[in-house]
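**Q** The hints should help you fit chain B onto chain A, whose structure is shown.
If you want the building blocks of each chain, they are given just below.
2 protein chains.
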Amino acid sequence: MDQEKPKSSALSEKSGVEQPEIVSKIAAGHIVALRNKNVAAADLISGILSGNITALSRAITLVESTNPEHLAKANEVINGCLPHANQSIRIGITGVPGVGKSTFIEAFGKHLTGIGKKVAVLAVDPSSTISHGSILGDKTRMEELVKDQNAFIRPSPSGETLGGVARKTRETITLCEAFGFDTIVIETVGVGQSETAVHSMVDFFLLLKISGAGDELQGIKRGIMEMADAIVINKADGDNIKKARLAKTEFNRALHLFPAKKSGWTPKVSTCSAITKDGIDEVWEMISEFLELTKSNHYFGEKRREQNQYWMLETIDERLKNHFYNDKNTIALLEQNKKAVQNNEISPFAAAQILLENYFKFNH
Amino acid sequence: MDQEKPKSSALSEKSGVEQPEIVSKIAAGHIVALRNKNVAAADLISGILSGNITALSRAITLVESTNPEHLAKANEVINGCLPHANQSIRIGITGVPGVGKSTFIEAFGKHLTGIGKKVAVLAVDPSSTISHGSILGDKTRMEELVKDQNAFIRPSPSGETLGGVARKTRETITLCEAFGFDTIVIETVGVGQSETAVHSMVDFFLLLKISGAGDELQGIKRGIMEMADAIVINKADGDNIKKARLAKTEFNRALHLFPAKKSGWTPKVSTCSAITKDGIDEVWEMISEFLELTKSNHYFGEKRREQNQYWMLETIDERLKNHFYNDKNTIALLEQNKKAVQNNEISPFAAAQILLENYFKFNH
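Residue numbers (the numbering used here), protein chains in the order written: chain A, 1 to 364; chain B, 1 to 364.
To be clear, the hints were calculated from the coordinates, so they are not data collected in a lab.
Among the hints, erroneous ones may be present.
Note: identical chains are not told apart, hence a pair may lie in one copy or across any two.
[Unchecked claim] Here are the simulated lysine to any residue pairs, SDA-like style, with alpha carbons at most 25 Å apart: (1) K321 x Q309; (2) K73 x A340; (3) K268 x F258; (4) K242 x Q149; (5) K361 x N326; (6) K243 x K339; (7) K338 x A85; (8) K243 x H256; (9) K243 x L257.
One chain only, chain A, in its complex shape (with noise of 0.2 Å):
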């Protein structure tokens, strides 16, 4: 750095009056210390069943660290947590960028702690690499939800692949009912695998919309409209009104062309506004609906441990995945081979069967 800063300038300012620190020194050396403490499991576990906060959001960071030290810790976690979760409704949100999904779910949130309820809004957002999240990252989007003493808010986990993002976002739900959330929303894009991930971990499936130019179906991913329990229309306020009820008429239309679920529950269209609140409580309504049916049809705890399962053997496949493409003697070979398939040098079968055979040469 050649450049010197001048040393005075006709835009210099004086020097205002010293002010006193905001945060007392000693109580951030405590909170330093405290974050850097290497808390054990159990209290961590203790911490979030008696509603600590910072217990809760430590524990969240440990089952999110890509650390491999972590990852028996934070099992441990989960595993004290496991008997007191399980008692809430995971409700999943999904729809592309523009539709309000951020001012629906404040709307939407600040009604549900309205009626007493306990509201964790988590977000599963695989773009999210590097920016720790991109969905939910801004927390000022829901200024009044974040200030709420019944809600936390906690923006998407970052990995390299979905699978790895909606596993920690799983893990964190678990966290989320055993500290005492008795509503969890888990928000994702309308982008790529990512609505099949959050559909695998929620007991109903919320997609939201708004109209447009009468072609409201154009452009609707195949299997959303079918994993969807309802479809919501926000926005329906002003001048929009009269274009959401039309759009309404031809979701419902649309709805009954796919085949029955077997939840046996009617997938449901609303309209609503998260500027005018109308029509929020309505989407509840339906929720409650929902919950009534299918746990009296049993289909609400079949479809839970069921998803036990799925989870089991994703998170098998996932890391047996791991291992094999991040396998020292693997990644060069696997370039190599997929240039010569390509290339129709060698058939696919072929080369999956050289890298296999290297792979268990070096792990037996």
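**A** Chain B only, in chain A's frame:
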């Protein structure tokens, strides 16, 4: 066995005149010897390339074998065939039982051989673990095509997993192409995930339907409509013609609800009758149009390269899982943990971790 056979009966017949053997014992002996001979991979390859149908059948049997010793040889044969493969159009045909898949394929296949094509008909039917293929298992359902010199029909390979069944069929495509078949038809039944597997090995995907009671779209499985490059309404003959035309209109409208395809192709709906042969030629014209478009916009080659990469990674994943789930140190522990997860005694993630640690301990 206490009961003795009666020595004479009122129902006895006179013994007939001794007939000469229909098949020469010497010739039969040759065939059996050839069958039992452990033919070298090089011989199978040169047999296939010179148009020897016995060599093709034997190579397919090798590919379908579950004997691990056959794996290396099968890969050798496929690699030898690879430079001579890939010059074909691969057509996937799906449709629920009752839409007339066999009669359609027979009529379609006869049309193709009539215009000088060489047609191989394969099947993916993951339900056929014991019967060695329920689809196409009964070749008499395609009487005409079976007798056709320019057609080859092979039932679905058996296997415990869809992945295995699909992989074997994908390998068989390469053998058939090297033999000289220029049109490969892959049949699958509209059940489970088999369409997705077939979709990932074909260039063109055709959904066969019949016209019903007006609610044509009821019960179409998620994703199948979106995968389809064409919907062909079969049995459009006699009293059905009008209904079939109505169904065509309805499907056309429904197809417009899906986003545009990466191929640049707009899916088409047509009607046909495998009995009167009306519209069968149009199906082939449609596929020719598709070929022209996707070869000129390079989608055709790109998709095949992507599919090759997909099959390499799929094969790796399948084998990694097989190795884990068949590991003698894993099986009992897996059952134990499945139960614990079901009963909420352990988290799915901790259970996965226990199983993986155990697996890698024994496999390191």
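**Q** With reference to the structure, classify each hint as holding or not holding.
**A** Status of the hints after comparison with the structure:
Proximity of K321 and Q309 under a CA criterion of 25 Å is satisfied in both settings, with 19 Å inside one chain copy and 16 Å between copies. For the identical chains of this complex, K73 and A340 are inter-copy neighbours only, at 20 Å across copies versus 43 Å inside a copy, given an alpha-carbon limit of 25 Å. In the homo-oligomer, the alpha carbons of K268 and F258 lie at most 25 Å apart both inside one protomer (13 Å) and across protomers (21 Å), since each shortest distance falls under that limit. Taking the shortest alpha-carbon separations for K242 and Q149, neither the intra-copy value of 37 Å nor the inter-copy value of 64 Å comes in at or below 25 Å.
In the homo-oligomer, the alpha carbons of K361 and N326 lie at most 25 Å apart both inside one protomer (15 Å) and across protomers (18 Å), since each shortest distance falls under that limit. In this assembly of identical chains, the alpha carbons of K243 and K339 never lie at most 25 Å apart, being 51 Å within a copy and 51 Å across copies at closest. When the C-alpha separation of K338 and A85 is checked against a cutoff of 25 Å, the pair qualifies only between copies, where the shortest distance is 19 Å, while the shortest distance within a copy is 44 Å. Both within a single protomer and between protomers do K243 and H256 lie at most 25 Å apart by alpha-carbon distance, with minima of 20 Å and 21 Å respectively.
Proximity of K243 and L257 under a CA criterion of 25 Å is satisfied in both settings, with 22 Å inside one chain copy and 18 Å between copies.
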